[in-house]
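Since chain W is already given, all that's left is putting chain Y on it; use the hints.
Taken in order, these protein sequences are the chains called W and Y. All residue numbers for the first sequence refer to UniProt numbering, where the first residue is 1 and numbers rise by one. All residue numbers for the second sequence refer to UniProt numbering, where the first residue is 1 and numbers rise by one.
Calculated directly from the structure, the hints in this document are not laboratory data. Fair warning: this is a prediction, and the values are worked out from it, not measured in the lab.
Distance windows between CB atoms, simulated:
1. W/P156 to Y/R66: 56 to 64 angstroms
2. Y/K273 to W/A23: 39 to 47 angstroms
3. Y/N17 to W/Y243: 23 to 31 angstroms
4. Y/G258 to W/E263: 18 to 26 angstroms
5. Y/E265 to W/L6: 34 to 42 angstroms
In silico negatives: residues of chain Y with every beta carbon more than 10 angstroms from chain W:
6. D21
7. L71
8. E259
Ideal Cβ placement from N, Cα and C applies to all residues, glycine included.
2 protein chains.
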Amino acid sequence: MPLRELQYPTEPYSKVNRLKDRADYALEAIHRIVNTCPLLHVSFQAPGSPFPAVLPMIGQMGSFDRPSADLGDVLDLYLHGYVSSRIMNTARSSSSSSASETSTETSTEESKEGIPITIAATHLDGLVLSLTPNSHSYNYRSAILFGHASLVTSVPEKLYAMELITNSVVPQRWAHTRVPPNAAEMQSTSVLKVRITTGSAKIREGGPHDERGDLEDRGVVERVWTGVVPVWSVLGTPVVGGYNEVGEVPGYLEEWRGERNREGEEFARGVAKD
Amino acid sequence: MPLRELQYPTEPYSKVNRLKDRADYALEAIHRIVNTCPLLHVSFQAPGSPFPAVLPMIGQMGSFDRPSADLGDVLDLYLHGYVSSRIMNTARSSSSSSASETSTETSTEESKEGIPITIAATHLDGLVLSLTPNSHSYNYRSAILFGHASLVTSVPEKLYAMELITNSVVPQRWAHTRVPPNAAEMQSTSVLKVRITTGSAKIREGGPHDERGDLEDRGVVERVWTGVVPVWSVLGTPVVGGYNEVGEVPGYLEEWRGERNREGEEFARGVAKD
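Chain W extracted, bound-state conformation (with noise of 0.2 angstroms):
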């Protein structure tokens, strides 16, 4: 246990530039951020390509070289590849280099250790509502990491990349189905493993805040209702499948659910007050 927490550095491109106090880039507080996010919002630039590609995506922290590491330690973010057949070919076209699309640094870079990527996890938790238009806000939570992403190719670590995103998913599930994935499900799961750089998050908490001369003004106090709405996402009743044939709703996942929900609710609420 170290004396102090893991941080990020930070980088440029990382610092949160905007409202400081609410920046923080404690290792843990981050990747809590993301291993709590159902989906993910994953960044590239495509070669050839006006944009900046963005897709949202399944994916998990963890370490297959320590798989006991906690939220604290240096982790790797993997991707369930699925949806990801784009980067998957900017992955591989960049092996092949084509220096008149990127710059000499970038393709150096790509080569040696995999497409710059950037990933988004946001949760929103609250809708703060003031007395000015202008001091609105949203109580949230969001993560940024940079990495480089590659494929896993090593059977072993694939496998524990599978497991820990579909357990991300519902808690327990990987044990609960069919496993393990055939030769033919193998081949036809990619996985993007990103070795992070750095990482930043922000967070605001807390009721509404607004200017003295607002507050000082009776008629806009009494005439305007201030404070928050608390925001969760709720996980409903599961609705049976069309060849389901289990009688119950297993319990694994029913007490995982009702965990959720009522986590939800308390976060949302706790963090509406000041």
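This is chain Y only, laid out in the frame that chain W set:
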């Protein structure tokens, strides 16, 4: 009313390559996903950075020139610039061209039309639990827009966008706050307008699907629960702020909240079945 609904052109960078039957290029479908999404993920290539920037932002599509335009019409995207100082700086610095950092083509494009950005809007609607980890999926609605962003300088257009964005957080909120913004607020708030080049949506609905091999395996089908856990975002009971003096939570907020919660649940449950 055109005979066929308007569609965005499919460019190499916007085309859905995988699971094409989930793709939708209709303006209405795409704009609806964007305008119901409380957080957008905005990506652009900052000069000198090895990684694309990704920022969570609030935005809304509309038409200042024709405010009565509906979701199926050609619209612009307005982004609240509060958190976008890096885009703003990039937009500003890109006009004082620095050819060393970007290709000639890009520089010309930037100074003419604004900086190229990509916007992602994603709704998670359900966890699709099937027999094997490989066939697990999400129900989701995802939209991507590509366009060029520039700062809104016209005061009436900026006010139009500020009202549009405020009312997207809570309908009718603008008129129930202290408006119009004063000179200092107009000065400190930036609004970005994105002229859309093209876009696409990808939508997954329905129950689980599995391979014949697993469906015919009695042991597997009798052991693994399959179905969908519907997911939606809930707006909880409002938490009164520290300086609120309005006795009751206003009707426009409570009615909308109830409606949004009902619709969210109905939608997620509705798409959970085949």
